[in-house]
Amino acid sequence: MLESEELAKEIQDCVMKIVKKREDKVVNEEADSFGNDFLGLLVNAYHDSDKNNKLSMEDLVDECKTFYFAGQDTVNALLAWTVLLLAIHGDWQDKARREVIGIFGNQNPQLEGIAKLKTVSRLSNHLRPQALCYGQYFVVSTLSTLIFIANIYHN
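To convert, note that position 152 of the sequence shown is 148 in this note's numbering; the numbers rise steadily by one, no gaps.
These are computed hints drawn from the structure, not numbers from a lab.
You may find that some hints are simply not true.
[To be verified] The calculated BS3-like cross-link candidates involving lysine-lysine, where the alpha carbons are at most 25 Å apart (straight line), are: (1) 47 x 61; (2) 17 x 5; (3) 21 x 50; (4) 5 x 16; (5) 61 x 50.
Could you put together the complete structure from these sequences and hints?
What follows is the structure in structure tokens.
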């Protein structure tokens, strides 16, 4: 078996274990439904008696993988952007470092202490530009822009 096939099997097994735990809670009457979160909705669709709405286990696993990997990609992009901004703004990097060391010292960060990180949580608000100028156009940060890709290729 190829390494990629082994990884795919491990991911499928992991998702199926999580689904099984959710199902067991309902069977053991620890919960009265599969939940209303995304996984709960998928498990409900898997157990749906209507064939048109029913989701196969393979589809359920694929949906979970899609959301997991999209989340990973989003977090990776956020972390890369944060590192870039901290590299550009050394003063904020110093403030964040002092705050983390002040709260955690030389210990590994714990979940309880992360909520106390005020400077770190404000970084994204302070480091992004508030407004941009493109030539004579002034663009505020709350403006949404729509770019038609097909028009870019035409003069």
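Hints, verified against the model:
no.: 1; hint: 47 x 61; in the structure: 23 Å, holds
no.: 2; hint: 17 x 5; in the structure: 18 Å, holds
no.: 3; hint: 21 x 50; in the structure: 21 Å, holds
no.: 4; hint: 5 x 16; in the structure: 16 Å, holds
no.: 5; hint: 61 x 50; in the structure: 18 Å, holds
In summary, the structure agrees with every hint in the numbered list given earlier.
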